[in-house]
Amino acid sequence: MTLDLARIAGQIAAMVADLHPDDQRERFAALEHTWETIDGADIRSRLDGAKHSFLLPAPQDSYNERHPLPAPREAYCVAATDGSFILPSRHNPARYYLLNTGLVRLEYGPEPRALLDSEPILKFGEDELMIGSPVHRIPVNGTNIGPKRAAEELRAAANLLADAPEPALALQDGTLILWALETLPEPVAAWTLPGFLEAMAWFRDYQIPLASYVSAPGTREIVNLMRIAICDYPPAGKKINCDECRGRILSEGHSPACDIIPEVTDRFFFESIEPLEPGERSAIFQSTSQILDRYCADGSTDFRIDYFYLNVGLEIGRVEIPHWVSKQPELVDFVHWAVYDQCERGRGYPVALQEAHELAVLSTADRLVMEIAIERELARHGIVLTYTGKDGSKRGRFV
Amino acid sequence: MAANVVASSNRSGALRHGEVIETSTVGFLAESDRLHHLPQLGELVQARIDDDLTAYAVVSFGETSGIDPGRRAVRRGSPDSADNDVYARHPELDHVLRTIFRTAAVGYAQDGRIRHALPPVPVPLHFGVQPCDEDDVRAFCERTDYLASLLAYRGEVAAEQLVAAHLRWVDATLDDDHEWLGRACRTLARLMKRDYDRLVILLESIDPDNS
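Chains as they are written, first to last, in numbering that gives the first Met the number 0: chain A, 0 to 398; chain B, 0 to 210.
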């Protein structure tokens, strides 16, 4: 054990005290008041042409509605997939990457049944380890494999539900917004996005709802919206201009009205300020992430991602759905109820996602088995595997 | 060593309890084909080693738990939904739980002859474990000297409990008006003549009239 905990114990206490939002309690009243008086039409007009840097939900007529848990279904089917990977290592003479996807399909009702499986995909060779054109080649690495994994997970979920009884739901872990593409070069998007959107289209074409579940979401889009709603600069009814407002802090000692809004997450907001009851969900909001513009290459908004917050009993989770799902109230009701039901069966987290994760995760033993298999195959070709200095030093530690 | 004639050849395939997942000279651990379905404590089972060699073993322990040792079972039911309802509500449990049973080797059949001794080699991993029918039991248990090795068993279950369970199971299987049980008890009395207290505990726990 190399961590000397005693030397940082004091700092841990200070850090935790600093994290606790209790000191912002007097600011919660402002947040609460803003939420209660939020005016959809005013927000819409003030955001049109506004200058700000907040990630906000798209303007809509009503923000603060809430919906109770819909009536339960007697029977339904849910599929979940989750992936993990082994990345190419320059310490290993065999260059490859491995994607392992956990597959789960659960059917509830008069004849309950389960399918649990995993699907490993091995990629090797120059063509598969390099992304892009011969001019601009990017090696597969820990960052750009993320969206590829998401595309594989979605494809696998579609395969799982190809012959599913109705109603059926596909569940994914985390977000449906491929945030990583924001900073990754174009060839990575070309490598990952078509497959992802193809799977998205499959769900739409077969009208099987797709949703993702984010546990402990760290997003602040709704709280950011409160900053817009409370903004008094320029006076209500005019366009927001954060640049000018912030500029006056230094020049004139101006105090922006939105500073009263506390630094809390949407999760905290729906947990403590405007608490959702167990089973209750918020309104549906539309993400304005720029990445989603790339989901609309054919001009359709079907694949833009919308979301709502849901009290699953143990916490406030964020559920993301494609726009074509959120346009159909009966599908939204099904997703709302099914995600809650999954969390209830899974003691706070969707049981199908739990099992998919268990099947996907590659343990140290799994990685060792893979290494041994490669080592044996190399030996069959008369190649003795030699470790690099660093790798060898980790395998045979000495003093 | 007893040398009885094998009553019926070993079956493989359709009818089986489970599959060997750990094996050694003294017995094997098997995973049941169906969750919660395992042979009874004390039941005689058989496993083929090769075409001419079959091992006989007595079930000495059973357990149902998570396949992944890192995942402990948690309460799933409630006053409104219990027992089998829990499994209907969680169909994935059939895939993440498993039932296993351990056995103690008590003999083998080779070239048609039964021997009350440890088999010459362990049962191969992943081979099936089959039940013994009444004829198999009659042939294997004809002589009762193998009870000595069961009495020497060291494992999760006390040897007297294992022997008592085995005697109850054979007695119920043979349905011979306790003729075999009487002989087995006399063998035990001889084997345990220096350990009267243990013998009494064992005999009292057999209690054939209430079985």
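Rather than coming from a laboratory, the hints here were simulated on the basis of the structure.
This structure is a prediction, so every number in the text was calculated from the model and none was measured.
Incorrect hints may have been included.
Ranges between beta-carbon positions, derived for each pair [claimed, not checked]:
1) B:D174 / A:P164: 20 to 30 Å
2) B:L28 / A:R24: 54 to 64 Å
3) B:D82 / A:I382: 29 to 39 Å
4) A:R94 / B:I20: 30 to 40 Å
5) A:R379 / B:L173: 34 to 44 Å
Just so you know, even glycine gets a beta-carbon here, dropped at the ideal spot from N, CA and C.
Evaluated hints:
{"no.": "1", "hint": "B:D174 / A:P164: 20 to 30 Å", "verdict": "violated (47 Å)"}
{"no.": "2", "hint": "B:L28 / A:R24: 54 to 64 Å", "verdict": "holds (59 Å)"}
{"no.": "3", "hint": "B:D82 / A:I382: 29 to 39 Å", "verdict": "violated (57 Å)"}
{"no.": "4", "hint": "A:R94 / B:I20: 30 to 40 Å", "verdict": "holds (35 Å)"}
{"no.": "5", "hint": "A:R379 / B:L173: 34 to 44 Å", "verdict": "violated (55 Å)"}
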